[in-house]
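K.L.:
The chain contents come next:
2 protein chains.
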Amino acid sequence: MKISLDAMGGDFAPRAVIEGSLLAAEEIESSIILVGREEDIRAHMSELGAKKPESIEIVNSTEVIDMGEPLSRALRKRDSSIRVAANLVKSGRAEAFVSMGHSGAVMAAGIITLGKIPGVERPALATLIPTIKGTSALIDVGANVDSKPVNLLQFALMGRAFIKAAIEKENPTVGLLSNGEEDIKGNDITKQAHNLLKNNITNYVGYVEGKDILLGDVDIIVCDGFVGNIILKMGEGFVELLPRFIMKKIEGLSEGEGARPSLEYMSSLDEFDRLVRENFDYNQYGGAPLLGINGICILGHGRSKATAVKNAIHMAEGFAKGRLVCEMEKEFSKPPTLGKPVIN
Amino acid sequence: MKISLDAMGGDFAPRAVIEGSLLAAEEIESSIILVGREEDIRAHMSELGAKKPESIEIVNSTEVIDMGEPLSRALRKRDSSIRVAANLVKSGRAEAFVSMGHSGAVMAAGIITLGKIPGVERPALATLIPTIKGTSALIDVGANVDSKPVNLLQFALMGRAFIKAAIEKENPTVGLLSNGEEDIKGNDITKQAHNLLKNNITNYVGYVEGKDILLGDVDIIVCDGFVGNIILKMGEGFVELLPRFIMKKIEGLSEGEGARPSLEYMSSLDEFDRLVRENFDYNQYGGAPLLGINGICILGHGRSKATAVKNAIHMAEGFAKGRLVCEMEKEFSKPPTLGKPVIN
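Chains as they are written, first to last, in my numbering: chain A, 20 to 363; chain B, 20 to 363.
What the hints contain is simulated information worked out from the structure, not anything from laboratory work. Any given hint could be a false lead.
Identical chains blur together in the list; that is why a pair holds if it fits in one copy or across any two.
The calculated lysine-lysine pairs, modelled on DSSO-like cross-linking and capped at a C-alpha distance of 27 Å, are [stated by the list, open to error]: (1) 204 x 96; (2) 204 x 324; (3) 71 x 167; (4) 204 x 135.
With the sequences and hints as input, model every part of the structure.
P.N.:
Right under this line is the structure:
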């Protein structure tokens, strides 16, 4: 099994991507195809003092899509590392592709090159989130804005396939993110989707609130990508900033009347920081799969360092070995019951 | 100066509200009017072993709006504690009213009884949020769903008046919450609002992301109430659950190969927990003012205990003494420049 990896995508590419691939090569069964400027890749490898392992091959591509490039221009680069990496899956030379690069270009490459699963209107990005009770899925975390009710229903179906494939959870529960639990809550689109989900999703528990995201009582939380993206980034910000915030408070305390905190206390804070990062940091999850397409495409965080890249490759291998696409096709094999429209 | 307080609203009413009013009475200059079933209020006071202070008076109201009651039924209760508390402001007997009760009924009472400030289309709920750099405002946190672009513009204007009155910050910066910083990001409504804000708001910094909420580089973050409510509750959940989450991890560690964490470590965790709560807990902020109405209305959290009630009363007194309504009228004194519509 082979994973194609966009060597040129991400804020710390190609160095961090190459480092990540070297780490992954030691841990996974699959081999890795690094796609990008071969010369650059080889130069970075030797700078890293690494000999290219047998299980990593390099496929040259001449163009690079910059992180901030307009999508229209990015899509015209036919020999970009993103496009070539996706093509390797299309042609059957690889089973999955991974990129930390330009998110719009990666999603477009996934959809255009691999195609959508029949019945899927809009593919979506999903992510696993750590909760008190284990692991849940949040979908969509940024592929779509202005989702229609039927898109939210499809996100629920995709979420089911995702959670089955990712954590082997059968009969997962599904909740729809809203501004309250009662049926009268929700904006217009959410209310319409609530009705669709009631009619079509087994184990649909209804609306869930912001506080439920970490609680873990629901396996899959469905939302529009505008909201999902804000939530995800807020969570990342919280994890990153909380230790700094507390440290500032402690400094404030020690400048004031109280005694300076003890060394034990300070090292405990480091420990706390480590625990928070280990459990909430996106680097540990590696990436978000683009769901609803005919193949495996993992979009990593732009700020990924080597560990995050390695974990994204692990995720890609896991899905490539597993039943993600098969479960997805099953979910979309029958047309949805639309039911009565909600009158507002 | 007098603050009217709905004694019957909230999950722990009337007990927690009465306790909160007793705490506040010792700290504030204003007197408090407790509104609700006089008999119940007096019974709870004596159960608490408290003698009613001079600075607290009781106004009897016969009806109570339950937390989960449909709004249509709630609004028919003309002698409800919420309505009577609002009427006291209308008639000039009190300068502000505070309720931890049914949020829809409180907002309706505020808008219907006190009226909107000329030019305001939809009042909004604002809240102060702690950040790395100090304090920011988030608006709307739940009064409105499906806000139109012009509503988001008005939230920015209200936010300006709010932050000036609340933390005396002049020339505050304003950001619009979106799924990315670039101009091409945003859903349809947000893009249109982006254009309006550019044309009308001094110190508008453009789109901000979820990670910026805690960062504190922007004084006012504007969003639709559907999103704001989800964010607020997610933040609350994070604060509440993070210590539990970490504790579980530690228990997991100590059952595994590692040594059981030391007592120092455990007590540091308590300390951390305390610091998080002191800085992020809604109980410390007390409540969210309903902005855009002709008077001061503070909506407290339904789960408020005595400290939160006390802090909501403090907030009400602060705004009643200050320049909130005056600043609000100034913000709405000139019609907005609509500019060219955004073509998507």
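K.L.:
All hints are to be evaluated individually against the structure, with a verdict given for each.
P.N.:
For each hint, the structure was consulted:
1. 204 x 96: between (45 Å within a copy, 22 Å between copies)
2. 204 x 324: between (41 Å within a copy, 25 Å between copies)
3. 71 x 167: neither (47 Å within a copy, 56 Å between copies)
4. 204 x 135: between (33 Å within a copy, 23 Å between copies)
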